[in-house]
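Letter by letter, the chains look like this.
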Amino acid sequence: MNQKLLEAKNIYKSFGKIQALNNVDFYLYKGKIHGLLGENGAGKSSLMNILSGIYQPEKGSIIYKGEKQKKLNPDSAGKLGIGMVHQEFRLIENFSIKDNLTLSKANIYVNDFEEAFKKYSEIFSLAANHDTLISELSVGEKQKIEIMKLIFNNNKIMLLDEPTAVLTPHETNQLKISLDTLSKEDEKTIVFITHKLKEIKEFTETIFVMKNGEMVAKDLETKSVKDNDLVTLMMGEITKSVVKKDNKKGEIKLTVENISLKSQDDGFNNLDDINLNIKAGEILGIAGVSGNGQVELANIISGIHSNFEGKVTIKGQDVSEKGVKARKKLNLSYIPENRLGVGLAPGVSILDNSVVKEYFSASYGPHLSTNKMVNYLNLLIKEFSIKTDEPKAEISTLSGGNMQKLLMGRELISNPEVIIAAQPTRGLDVSAVEALHELIINQRNNGSAIMLISEDLDELFKLSDRLLVLYEGKIIKEFNINEANTNNVGLAMAGVIE
Amino acid sequence: MNNYILSKKTVVNDLATFYSFLIGLIIAICIGSVILLIQDQNPISVFSLMLKLSVGSINSLSSSLNKAIPLILAGLGISIMNSVKLWNIGAEGQIFLGAIAVNLIYINIEIYNSSLLILILLISGFVGGSICILLPAITKVVFGVNEIITTLLTNYIIIGLTIYLVNGPWKDPKSLNFPAATYVGEEVYLPTIFGRLSSGFLICILFTIGAYYLKEKSVFGYEMRIAGGSAMTAIYAGINARQKAFFAMLIGGGFAGLAGAIELLSQTHRVSIGISQGFGYTAIIVAAITGMRPIGIFLVGCLFGALTIGGAVIQTIGVSSYIAEIIQATTLIGALVSQFFFTYQIKEVKDG
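For the record, the sequence lines run as chains H and P.
Counting from -12, one number per residue, gives the positions in the first sequence under the working numbering.
Counting from 321, one number per residue, gives the positions in the second sequence under the working numbering.
Among the hints, erroneous ones may be present.
Here are the simulated PhoX-like pairs of lysine-lysine, each with C-alpha atoms no more than 20 Å apart in a straight line [said to hold, decoys possible]:
{"hint": "1", "chain 1": "P", "residue 1": "K494", "chain 2": "H", "residue 2": "K359"}
{"hint": "2", "chain 1": "P", "residue 1": "K667", "chain 2": "H", "residue 2": "K4"}
{"hint": "3", "chain 1": "H", "residue 1": "K19", "chain 2": "H", "residue 2": "K163"}
{"hint": "4", "chain 1": "H", "residue 1": "K46", "chain 2": "H", "residue 2": "K(-4)"}
{"hint": "5", "chain 1": "H", "residue 1": "K302", "chain 2": "H", "residue 2": "K235"}
{"hint": "6", "chain 1": "H", "residue 1": "K55", "chain 2": "H", "residue 2": "K(-9)"}
{"hint": "7", "chain 1": "P", "residue 1": "K494", "chain 2": "H", "residue 2": "K379"}
{"hint": "8", "chain 1": "H", "residue 1": "K52", "chain 2": "H", "residue 2": "K66"}
{"hint": "9", "chain 1": "P", "residue 1": "K491", "chain 2": "H", "residue 2": "K379"}
For the record, the hints were derived by calculation from the structure and aren't laboratory data.
Produce the entire structure from the sequences given, and follow the hints as far as they go.
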């Protein structure tokens, strides 16, 4: 039992300047369910892509049953029985279930398909007929097909990249039962990737933890490991705030009461009874792993999402029924999480993008003054030190940092009273992050009420006055910044309340 | 290990579209020459004859410009729709319905002031074009049906309608079985400016300026650009992206409809299947070559008008008129390929 089936040793991989994997060791035992825990960007998916032969490591070796493997590609990995379910499904939408399952030449159930399909449909509690087209299935069902595809292709090692991210709680329970059966009866070796503590404890037998491209803990027995230890391993130690938070708070600028939102999928709550308020001069941090309702909350407050229950009040005015423009008139600014695509329009010039918030101020009736637009852009370039040499060039020619400076500058230059900033520094280098933090602090000192949505605890601890943790659409915990630490916030983000 | 990737240039030369057009034209002339050589024709003498007979005299120049009018107007309509990243393949049908609308109003209205009547007929043409694209516009905005398919299919319906009208209810008894409607009266002929040049050309200049203003200098144009760039950004900015798409389509259809009206009032003087000789399709080439720029559409439209006339006249020396169409089409291909090299560069990326 303690024979290692597959082993990855001293793996290095980088993408451009970013070291995605730094001397990583990882190994699997036959028939066990292994958990791989880590924050977004910790390197979990990169490691899995290397094991399944999609990426080539720069250094390091992969050993299967004690034998060192030469270069692994998807084909040779498949021959070793290694298969992966990606976060984005790789099914052919307008093919039937059967066609998708039997597509690969590695398929082992050529003659006894019906029988095998029946057996695994029971294990996965799949109700659909095998003639059904993939496009007619729900997300949960598609995932079942993805996992079944691995079985049909005789993959004994199954790498599942965040399989629960798209599932409802009920489907998650079902998946747990199916995976248990597969590991016990079929002796499948499974890797289960997640950043949710609760799930890793329920699903797995042994846990590996990654942080910043390194494997920080190996082969911890799930039964005996403590939640607190896992959180500390996953998040690391965080240096506490250096920003002074003794500025004067004013009156309440933004109130959100009883906001609920039901998404289309199975009545699964995206947001559930959210209540919060923010005062002038205050930064309210919203912590949480992305996908727990942050985007929806921000969209509801800014007026993009109109189909919700509850009440949004800006500066004492009920705006629940009002649109985007009316809320902007009350001096609300929204810096969306999706920089290029929502905040900025791809394929459109820098100049056009710079006035998205205030293009009406450059207009006389139906006429739009190019001069005024250019002046406005030049002001942004000067105030926020944006580097660009050609305002007519497409927005995507700017670097990520400059794009975000343009977006934030555009939203902040009018000195807004309420600001919603979602993941404002994600993916940016240190100097850009510093500059953007300074902008947020300045804005706070000017008396703005700021909602800061972030996954980055460093950033939240540094900037916020108070902290709410959003988990599966609910505020599951509120912290005063003095009582917040990596441990208790991290646990709440993972869905654990003490 | 070094990799090479294609990346968009930070600074794209403003004249890049013009240069790529020139390169495309040169490629097209070379290919055209080869084809002429295969046919034992001297390319230089054929091309110089084409040039002489298309722009060499007042009469030929004005004929060329007359041919340019529908190309320019329909091309402008296509470029307006393209601001919201929509393609209008239905300009041909819109031209026909524009002409049909003119005739319909002409038959049913009694106004004795001919200037007023002409104005009303021109407006009818515009509205006819808009009506032609109404169904594609509604299905696009409400159900998201691909407008390329719907505008293209509308052409067949409208051309079928034209054939029905000129063979049935509108058939001119004096036309000796030739399928055409009765001529409109001389009081609604558009006056000529010089030579044979129709005053429709002035309308064309006016609408070119109008389209340029609408696309580049107006709030509506700005909102179209943002909505075309990203529907999500439009929603985020409080811009009604569907409404912009809807009106862009109606205006685009209207431009082509106006082309049909001018064609009827200045050239054919009656509804027949000859109202458009593929103008609506050639206009797509004109608009695409210029990167959807109104001023460019105007200039290239004039050139293509001359090519069409040149192509027609060289038939007299036994050269197929298709040489003109070959040049038009290969110019587009050449221009699009060279545009690619003007907007992209090959970059070296260091791995690791």
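Violations among the numbered hints | 1, 7, 9
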